[in-house]
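Q: Sequence order for the protein chains is P and W. What the first sequence shows, in our numbering, is residues 1 to 419, in sequence order. What the second sequence shows, in our numbering, is residues 1 to 525, in sequence order.
I should point out that these hints are in silico values taken from the structure, not numbers from a laboratory. Hints are supplied without guarantee of correctness; some may be wrong.
[Claimed, not checked] Between beta-carbon pairs, the in silico distance windows are:
hint, chain 1, residue 1, chain 2, residue 2, range
1, W, Phe63, P, Ala239, 28 to 38 Å
2, P, Gly39, W, Phe63, 32 to 42 Å
3, P, Gly120, W, Leu59, 40 to 50 Å
[Claimed, not checked] Far from chain P by the CB rule (all over 10 Å, computed), these chain W residues:
hint, residue
4, Gly150
5, Ala375
6, Leu426
Remember, predicted model here, so these are calculated numbers, not experimental data. Each residue gets a CB set at the ideal place from its N, CA and C atoms; glycine is no exception.
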Amino acid sequence: MGTGAGSARAMAAALAVLLLACSGAVAVARAQDTERIEGSAGDVLEDDPVGRLKVYIYELPTKYNKKMVAKDSRCLSHMFAAEIFMHRFLLSSAIRTLNPEEADWFYTPVYTTCDLTPWGHPLPFKSPRIMRSAIQFISNRWPYWNRTEGADHFFVVPHDFGACFHYQEEKAIERGVLPLLRRATLVQTFGQKDHVCLKEGSVTIPPYAPPQKMKTHLVPPGTPRSIFVYFRGLFYDTANDPEGGYYARGARASVWENFKNNPLFDISTDHPPTYYEDMQRAVFCLCPLGWAPWSPRLVEAVVFGCIPVIIADDIVLPFADAIPWEEIGVFVAEDDVPKLDTILTSIPMEVILRKQRLLANPSMKQAMLFPQPAQPGDAFHQILNGLARKLPHGEGVFLKPGQKVLNWTEGPRGDLKPW
Amino acid sequence: MMKSLLPQSQLRRSSAAAVRSSGGGAAGADGAMADGGGAGPRAPASSTFWFLLHALCCLISLFLGFRFSRLLFFLLFSTTALYHSTTSSSSAAVLRATTTTTTTTTTTTTTTNTFTLSFAAANTPPSGPANRTALEAASSGNPQSHVVVGRHGIRIRPWPHPDPVEVMRAHRIMERVQEEQRRWYGVKEPRQVLVVTPTYSRAFQALHLTGLLHSLRNVPYPLTWIVVEAGGTTNATAAMLARSGLTFVHIPFPDRMPHDWADRHATENRMRLHALRVIRERKMDGVVVFADDSNVHSMELFDEVQKVQWMGAVSVGILAHTGTADQLRLSEEDKQNMPLPVQGPACNSSGHLAGWHTFNSLPFSGKTATVVGEAAPVLPRGLEWAGFVLNSRMLWKEADGKPDWVKDLDAVGENGEEIENPLTLLNDPSSVEPLGNCGKKVLLWWLRVEARADSKFPQGWVIEPPLEVVVPAKRTPWPETTTELPSELLDDKQEQEDRRLSRANKSSRPQGTTKRKGDPQGQDN
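Sequences and hints are given; from them, build the entire structure.
A: Below, the structure written as C-alpha cells:
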C-alpha cells in the first residue's frame, strides 16, 4: 500500500518535472531568434570532419593547377572558384595525410574550369582532355587509381553541368558524365533529379560567392524588411535565346510577364550597387533557374536572411542531406509561376517566421560560404562531412587484381587527344 | 523565325563552327544532313526533289504561321525522319515511345493534332510571342524525369495584374515580419516618450510646430506631447494640437515670451521646468525628450533614447543661421578654429563620459542677434536642453532605484535662480550616460529661425476677408508704389499686379476681394 502510494507519488513528481522541463524548453525556444537545423542525415551541420576521414592529395604538375591560375587570375573570383579554394584548403587542413596508404579519399587538384574567354566565361571544350590527362598521370604514377578505378577518388567539377563538361544542356546530356569518372565521387554545383549529369553519390555544393564582399555590405539586422519579393537578373537572354522559351525553360520570362506590373514584386534587370543591401530588406528572394538550375542567388539569399523562392523543377540543392531545404525555402513548380503571388501570400505566418528563424542560424549561413582562411562549419567542412558520411567504402570499391571496369577509349574522339 | 536558334547560340558562345542548321522543319534537317555529309542515305539526284519539297513546306509554314512541315513529316515519315530529327536534344541513341497531345493555336486556324511519336527530342511548334498557354511536346531523357530540355512556352495568366486581397495579405505579412524583427533586434520593452516643447504664438509657430508634429507622428513608440505655451493657451495652438492626432497636454504659462534672445532663453528654461513639475505631479512614466519647436529630430533619436537609464546626453548639431546674404567675415584665425557645430558628450577611449563638447561661439562674438527676428546668427548658450534626455522617474518624489546624485526637483529653481541646463538638476554631472554611439552620431539639429516679433500673420493661417492692414510693417518685402488706382489701365495685367501691390500698401483704403476685370475700383463687399 505504502509502496504503491509512494511510487504513484514518485511518478506524479516525475511527470511534473518532465512537464516543467518541456515548458521551460519550449519557452526558451520561443525566445530565441534562431532554430537548430537538422537534415535527413541528422544534426550534422556543425560536425567536425577532423578524425573522421583522411585525404591524400596527389602532386600534379603545375600545368594542371597553378599555371592556369597564373594565366588568368579571374578564376579566383568567378562562381567556379570553389575548385581552387578547395585545393588550398585541403593542402593545409588537418585531415590531409601524406601517407597514401592510410587515406580514405584521394584528391586530384586539376582546375578544369579555369580556361577563360576574354570575357571571363569558362570554356569547357578542353576540360575532358585535361581531366583525362590528369587521370592518366595519377594512374601511371601511383597504384591507387587502378586498385579502385577511381571509386575512392573525388574530383571538384563546379562547372554548369558538372562532369558533362558542356555549358549547353542538350550537348551536356549527350556527352554524359566523363566515362573515366564513372566510379569516382563528384563534388559539383549542378544537381537535378534523374539527370544524366548528376551521378549517384555526388556531393552537391553551393557556387562560390565572395564572402568578404558580402560581409562588407551587411546592414543592421533591425532594418525592417519592406520589399516583398526581390529579384535582379535577366528574364530574356536575347543574345543566346532571341526567341525566348529556351532560357530558364521560359520560367524567368513568365515571372516577368506576369509580375512586371505588380508593386509587390521588385524585379528588374538592373545592376544596382545596393544589391546586397536590398536583399537584406526583402522578405522573399526569387532564385529561378537560368541556363542551369543552380545559381549564386541561393547563397546570397541565405546569407542575407531572405527566404529563397526556388523555381527549378527537380533541383538538388547543396548539402541536401544536411540541410532540410523544404523547411527553409519555398519551392514553386515552373508551371505554377503565374500563381506565384497567390502562393507566396498564402503561406501561413508561422511558417514564414520559422523559415526566417532557420535562416538566421549562423551555421546555416556559414555552411554556404567558402571563406579564406577556412572557418569551422563552412562549405569546405560540409564537403568533408559529406565525404565522411560516405565512409566506410562499400564492397565494390576495391577491385580484384586484374579486374577492369572502365573503358579508357570510351567517349567522343576529340576527348582522346592528349593535353 | 523559321530557323532554330541553336546555330546562333553556338556561333555566339564559341567560335566552333559546328552548325547544325535545323530550319524549316524536318525536311530542312534532311537537307542539312545531306549538306553536312551526314548519314543520310539520299542520293544526290533526289536532293533537288527534297529541296523543292523543303521550299514548298517553307511557303506553307509562312502562310500558316508555324512549322507545318515538321508535323507533316512526322506523320508521313515517322521512323527515318525522326531519327535524324532536328534539334540536338536527343540523347545518344535513346528513343522512347510516348503519346502526346499537341495543341497548336494560330491566329487564323485552330489545328489540333493528336499523334503518337517515337520521338526523343522535345520541340514545341513555335507560336506567337506573348499569349501562350502551356505547350509541351514530349518527354526526353530518362524515364522518370519529367523535366524537358528544349523550348517551353512562356506561361502567362489571362490577367497578370495584382489582386488587391493578396496585396493586403502581403502587407500584413510584412508588418508581422517587421514586428518580429523589432522583437528580436529592437528595443525590448518600449517606454513612453514624453516630449516637452515650449512654444508661443508668433508668425513662425505654425511652421515649426507642423514640422515637429509630423516628426512625432512617425515615432513608433507611445508618446505624450507636453506643450507649454507662453502667454497662456491660444486657440491657434490648441487647434494645431487637436489636429495632430497625438496625445497631448497643453499647459499655459503665465508670462509672455520676451523679444530678447537672452530673456527668451531664460523664459524657455522656466517653461521647461514647469513642464517637469507637471510630469512629477501627474507621475507620468517614460523618457523625457526636450524637443524645441524649431528643432529637427531624426527617428533614430527616439530609438536611442529608449536606452537611457536615468539621464542621457546626445549630440546635437548646431545650425547657427546667419540670416543675411553676405558671409560672416571671419578672420583667418577664426577660420582655423572654426568649431564643429556640435554640442554633445565627449568620451574617453574606454567609452566613458569625459567631458562636454560645446559650440564655440567666439568667432561670432559681437555679431550675434540680440532681438528675435534680427538678421544675425542666433547662437545657443552653453549647453542646450535639447541634448539631454531624462527618465521621468528621476523627477518623481519617490522612485525605485532613484540615484542619489539627482537633486530633488523642488529644490531646483525655487529661489528664482537661473536654470541654464539640465545638469543643474544633478548633484554629480559625471553620471550622465552618453548616447548615440558615445556621442558620435548626431541625432538632432538645433536651429532658431524667427520672424520679427511684430510680424503680422493671419490668425490661425486662415485668410478671412476682409483683411485690414492697419499698420504696415516697416520692412515688408513689397516695394513702395503709388497709392492711386489708375482707372484707365484696367486691362493691363501688369497694372493689375501693381494695383494689388499698391492695395497692400494702402493704409486707409479697405481691401476688396477678387479684382474683377473691368471694375474701376476695388470694391467693398
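Q: All the hints need checking, so say for each whether the structure fits it.
A: Comparing the hints with the structure gives:
Taken as a hint, the range 28 to 38 Å holds for the pair Phe63(W) and Ala239(P), whose Cβ atoms sit roughly 31 Å apart. At roughly 57 Å, the beta-carbon separation of Gly39(P) and Phe63(W) lies outside the given 32 to 42 Å, and the hint is violated. Distance hint for Gly120(P) and Leu59(W): a CB-CB separation of about 44 Å, consistent with the stated range 40 to 50 Å. At roughly 7 Å, the least C-beta separation between Gly150(W) and chain P is not larger than 10 Å, which violates its mark as non-interface.
Once the 10 Å rule is applied to beta carbons, Ala375(W) is consistent with being away from chain P; the minimum gap is 42 Å. At roughly 32 Å, the least C-beta separation between Leu426(W) and chain P is larger than 10 Å, which holds for a residue marked as non-interface.
Taken one by one, the earlier hints fail for this structure at numbers 2, 4, listed in ascending order.
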